[in-house]
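Chains as they are written, first to last, in this note's numbering: chain A, 117 to 392; chain B, 301 to 596; chain C, 305 to 752.
Calculated directly from the structure, the hints in this document are not laboratory data. Predicted, not measured: the structure shown is a model, and the values here were computed from it. Treat each hint with caution, since some may be false.
[Said to hold, decoys possible] Selected chain A positions facing chain B (in silico; Cβ < 7 Å): (1) F118; (2) F124; (3) I147; (4) N148; (5) T168; (6) I172; (7) V176; (8) F205; (9) A206; (10) F231; (11) N245; (12) V319; (13) L344; (14) S363; (15) I368; (16) T371.
Glycine is no exception: its CB is placed at the ideal position from the N, C-alpha and C atoms.
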Amino acid sequence: MFQKTKPFRAFFWVALVVIGFFVFFPLLWMINTALKPTAETFSSYFFTGPLTLDNIIHIVTDAKIMGYLKNSLIVSFGSSLMATVVCAFAGYSFSKFRYRGRKFVMGLFMMSQAFPQAILLLSIYTLMNKLGLLGSYWALLISYVVFTLPVGTWTLKSYFDNIPDSLIESAKIDGAGHWRIMTKIVFPMAVPGMISIAIYGFVWSWNDLLYSMTLVTDSARRTLASGLVMTFLGEASTNWGYMMAASIVSAIPVTIIFVFLQRYFIQGLTAGAVKG
Amino acid sequence: MNKIRNGGKLTNGQVGFLLIVPGLAVFVAIILYPFVDAILMSFTNRSMLSPEYDVVGLTNYMKVFKDPYFGKTLMTTLAFVLGSTILPFTLGLIWAIVLNQGFRGAEFLRGVTLVNWIIPGTAIGFLWSWIFNGQYGILNSILEALGILETGIPWLGQTNTALLCVVIARTWQMLPWYMAFLLGGLQSVSLEQVEAAHIDGANNWKTFWKIILPGMKQTAILVFILGLIGNLQHFDLPWTMVQGGPARATTTLSIEVYTTAFKNWNMGKAATVGTIWAVLLAGFSILYLRKVNDPD
Amino acid sequence: MKKRKLLAAGLACALSLSLLAGCGDSPKPSESPSAAQPSASQPAGPSASQPSEPAADSVNVVWAGWSGEEEASKDIFQRMRKTYEDQSGNTVTWVGWTWADTAQQLLIRSQNNSEQLDLAQADIGIFNTVAQAGVLADWNDILGEDFMKETFEQSALDTGNVNGEQLGLPWSMASISMVYNPEMLSAAGWDAPPTSMEDFEKCLADLKAANPDVIPYAVSTKDATCAGDFMPWLWTFGGSIFNEDGSVSINSEAAVECVKWYQDMMSKGYIAMDTGRGEARQLFAQGKVAFYDDAVVAKGQAVNNGVDPDEVVNVCSAMVRPVLKDGDKPQSTMWGHMLVTFKNSEYQEQAAELAKTLVSDEVALDYFKNNGMPPVTKSAAELDEVKSDAYLKGFITSTATARLEETARMANANEVKSVITEELQYALLGQKTAEQAVSDMAARLEAL
């Protein structure tokens, strides 16, 4: 894409070093802190002083934290699956069907992140209470779908836009119904996009603090983000070593997924969009 | 679902509408209903301290507009939203270009870069407030060791640097997100066109501006606008790092709404700020929708 | 096609990973033994305290708060619940949040009447908030006035009394006082902490001269604690935020003097920006701060931050706040935890039993020994372990003259404190003069 001229090489190396340092140094500092004994937490050495696995072991053997991790995985996977399906339906509808109010609904979906969430939360709480969903995974699963709705619908719509109408028409002539066309022809062509959206939704749910704190009371169902805050951010103190260790330990399963799936995530995010 | 399967009886439009029903249902429950509720709330003196409340008309709006700091809050919000979109966008683009060079380990680096994005926001807030701390922060230690500074700077303790620090932390958190989208954008640029440009004698700089960037324009615009909206909502970092201070230097609309509602218990006023925010955002959204709506 | 298979495999891989991570665990609260930690110290977990088959007449009491979540106190909260469960045959379910979110969560829950809530832990600020909402029940009606009077000192009861209703049951009470590091002081030539403002300033100067890297006095200059630290100093200067009748009185000579004094300390490097309670504690534990304001938990904090438990008394001691001139009353603010029960709780009686267990000598002593929380009942205060504790004495001494924060009974306490904090910060950053900051405080408070 770029000619390997001298200036480009210079740019490449400077960028690699500077941004690499910016991205990875704090991450390494975090690991460094997690490995320091409590008394040394605030010493400024960088992997050069006493190190211990105590914090990590403490976190890994803490059944409660591992429970939070499990809940986060359940909720994040569940909501990302739901979001992918909901967005695929909506994206397909916006792309290949024409009906009154289509553009209006599209606009609504796109605006769904436009109002401050803190205010919406109270009404959502009341609603979930009325529906009897408070404290169950469902309250979170449903709420999180909304996070993904704008990007998901838009990205998948672009994918479907790329599928020629003639393909769908000929399937119709062959006698395939809407459901069959959708599941056997249209959706398979958008799998990379769907994977991206699933990952995207996963991360949004994974990171949410506000909703999970309010909508889930039972500590057995609590997700990681709120669980960590509640355990290590005390009235009187913050336990840095544990907090950093917990952040790292909990990042590991998702990191593994990322390292393997990042290629599909990145391709899928925009492959459909740009050609459309 | 049976109805869809027995298609033919349903018109195309009806099927299309059925398909958006799940999304619409979630939207109505989680966004629209609470949104309308909030707008109504802005005309009341509702407080979290009491279930009873009165309709007070425009009193809340008058209060907000008379607040001598409201203008400053808007400016801070604007600075934060623009800064923490432009900075990670630029760095994310450069990082995407670097990682697109296909050197050994590039794939691994991409995966690891994404880690920042999944570390809990609170932990990121603490990590960075610690880096910037005036007394025992690593940044000061490094700068002092390099001889750039003689005495440490309380980065988060002064109004002219606090917001910048929060923007940097936010950049660190979101850079992977921009990188991922922009890398996807880069990869979808037609290589033939790039080659053709090079053959025509265009240098890298020219090719980038004339071919590559226009080729990924749609992605770039989408990422940028989503970034803006995400930052408008953003709350975790300015709250954990500096609680909107010092002297309101990092109080954005999002912080203002949160404190008004959940610290001062004034739901009516919080809803008012939220409604004003939504109205202001309508401007953004028109721009956004124009780009998103395809011309058909 | 090949590519698609790969993708599908990848997705399946990710899914199975998640299943592995979550394997064998049903979302039900019953903890699966495989996920549980093998050691005996494995806390039963709040969820596990719900028995699978409760006895027919036993009830489940829901107790909410924050300390049961926190690393430092969760084990002892576990024991507290266990003690009550063994005594009564009832069960206790703990519901917890962070300290910062507790007021908000209690309000949402008690007002929506959505989820069971019988007993809650509340500090003075949270107590005030929930009391303002009118959802708390009067302990005098439940436990009887006689019991309350017999068990607690009047001063402790007053803290939980709002408009004649005993809405808070005292649990742990002391003052927020000044804490100092005796070793640092003696290194700077001070064998005893200063008692007058004049000496205090000299002492700060000596400390700064002895080591320019230290922050002699880590008074809070940010977050919710900033206004809390400012108040007792304002009183020391003879000022106040409000008059008796509730009108704003901050626009005074005394307040300007106090802000100027803060500015002066800032310019000399005695105090620093970006310092909250958390920073103060960390730096204090590292010997980089000589004075700061804290509650009785200070010692435990120093230990948490790395000070050797056997040596902590040498570097952490309590003192009374210096006064402007001889004979003035040293100022400090009340600090404490209370227990509250709710009007629409079905199990007030059981909540009361649980509360009684919590303030009983045995449990209170355990709490004191392991978490340093000062007991509050008359009988527990007489226990030898408590009476002989030199460190605690420092706090109890200043408790005698401690006042509630001026905002302690106000519905908009946080708003008032935010105004004070913000304007004080403007003054400290040199963006406003002391006069300007104080008059802006007054104007903004009047507009609230």
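Okay, the hints, checked on the actual structure:
| no. | hint | result |
| --- | --- | --- |
| 1 | F118 | holds (5 Å) |
| 2 | F124 | holds (5 Å) |
| 3 | I147 | violated (11 Å) |
| 4 | N148 | violated (10 Å) |
| 5 | T168 | violated (19 Å) |
| 6 | I172 | violated (15 Å) |
| 7 | V176 | violated (17 Å) |
| 8 | F205 | holds (4 Å) |
| 9 | A206 | holds (4 Å) |
| 10 | F231 | holds (5 Å) |
| 11 | N245 | violated (13 Å) |
| 12 | V319 | holds (6 Å) |
| 13 | L344 | holds (6 Å) |
| 14 | S363 | holds (4 Å) |
| 15 | I368 | violated (9 Å) |
| 16 | T371 | holds (5 Å) |
Consistency note: the structure conflicts with the earlier hints numbered 3, 4, 5, 6, 7, 11 and 15.
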